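**Q** Using the sequences and the accompanying hints, generate a full structural model.
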Amino acid sequence: MDKNALTIQSLWTINPDGTQETALFANNMVFPEAILDARPVPGSHVVVGTFAKDNGPPRGSIAFIDPHLGKNEPRAITNLEHPDQPTFDLGNSCEPWPLSENVVLFSGRPAGAARNAIEIMDRSGSREVVLSDPKICLHSPMLVKPRHPPPALAEMADRQQATGKFFVQDIYQGLSGVKRGEVRWLRVIEETSRVSGSPGSPNPCNQTFLVSAALAFSAKNYLGVVPVDETGSAYFQAPAGRALYFQALDGEGRLIQSMRSFVQAAPGTTRSCIGCHEHKSSAVPNPTALPLHERPPHPSFGHPLPLRRGEGTGEGRFRASMREIVRGNLSRRGKNGGRTRNNHRLVRTDSPCRRIALRAVCSRKAGATVQSISQAAFSRFLIGAA
Amino acid sequence: MSCHGGEKGIAAGMDFSGGWTEHFNISYENLANRRETQLIAYWIAGIDCMNGTALWSAQIFPPRSHGLGAAPLADLLVSGHEGRLPDLTRPERDLLMAWIDSNGLY
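Those protein sequence lines, which keep their order, are chains A and B.
Just so we're aligned, residue 944 is where the first sequence starts under this note's numbering, counting upward by one.
Just so we're aligned, residue 4 is where the second sequence starts under this note's numbering, counting upward by one.
Just so you know, the hints here were simulated from the structure itself, not pulled from any lab data.
Here the structure is a predicted model, which means the values were calculated and not measured.
Treat each hint with caution, since some may be false.
Unchecked claim - Listed below are several chain B residues computed to face chain A (Cβ distance under 10 Å; list not exhaustive): (1) THR40; (2) ILE47; (3) SER60.
Yeah, the Cβ is synthetic: ideal placement off N, Cα and C, and Gly gets one too.
**A** Below, the structure is given as structure tokens:
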């Protein structure tokens, strides 16, 4: 979320039915730049993968990851080929198939060889060639033997519903330096895709100019806010199947902390967290008061609060916001009563601007568009209707 | 408007007078500019996500270190800019705040 999109290709998990996705490892690490070919070690919580480069060949170094030792810490890594450089992500190895927490089959390049062979390697880095061919590289070793099918997971989603529920136990867990009572609201934002074209320059630079000046990488919708109670608890419903992230706000609506990943709820499911950037493997603290979803006297017991719209909701685009204002100004003379379709009150624009807008929108002359006047009117909005 | 690109000049170096730039427009580029360091869009305390800056943007930032928790523009919005924003409603202000906190989309 709001970070470089190239070299942070981290490891996430998700159930086969599309529920309960979560960041497992390296969501806030630059190196390794990419973790490929990840596989769980049989009978263990440890994962093995290929540490590789962004935008390069899908080869690198083979490493074990122990998520119990940290989400973003190099100490959770055992790099079999570069034990002194845990995050090292170069090389010719790939496609590991773990046999245990200590031994792995993989495709690697033996010393002096011109092509990859199937090798076996242990945690100490000792390796042997299992199979090679002088004419071709050998890839994707797989242990073939009878095994039990993975456990079937019951369907968790109710596909007839349009929303999911979200529960935060105590947002102050993980918010260092923030006093209890300071967080008053959670802002709920959807990250989504830009579906419009990119007017202006035909040559956007560095993949970022389509959306922002090398700031945000995705289009965003502001879905609304929900209150955080005095214990730091929040319980609410939001559209299902959307990539959402939350921002903790103070009483004036100013940002205190923002999520650095996203969460989605499949229809009818509930997602929950302990706090804000707390360790995911930590236990729920013993609360001094019951959290919102367990509090019987509360009139909304068992019923998550809906998002409040109208307080900072709308499209998250500089020009889109302005377009509404301009359209609203134009419709002030008409049926909309001086408000935009999202019920934003209109600001005044001076007569020349309005005349230009009218010409652009109403007469549709060549080269004149709503967008062509939006920046001036938005500027007026930003600094106040003079 | 007169103070920021109008007859009174360009106060605080912020030109909101409009006009297209190669990719955006003057107002947006002023709000998104890197006044002090390439890593931060000064006025909105935005996180730079340009290629090559991943070691900055990947981190979990401390509370109140980006967006409205640190943005100079936030103080103007909350304080009313010394009475120069008399018509700005709370929903409008909150929409601007959300725009700032979502890292300066165009």
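**Q** When the structure is checked against the list of hints, which entries are broken? Sort them ascending.
**A** Structure breaks hint 1 only.
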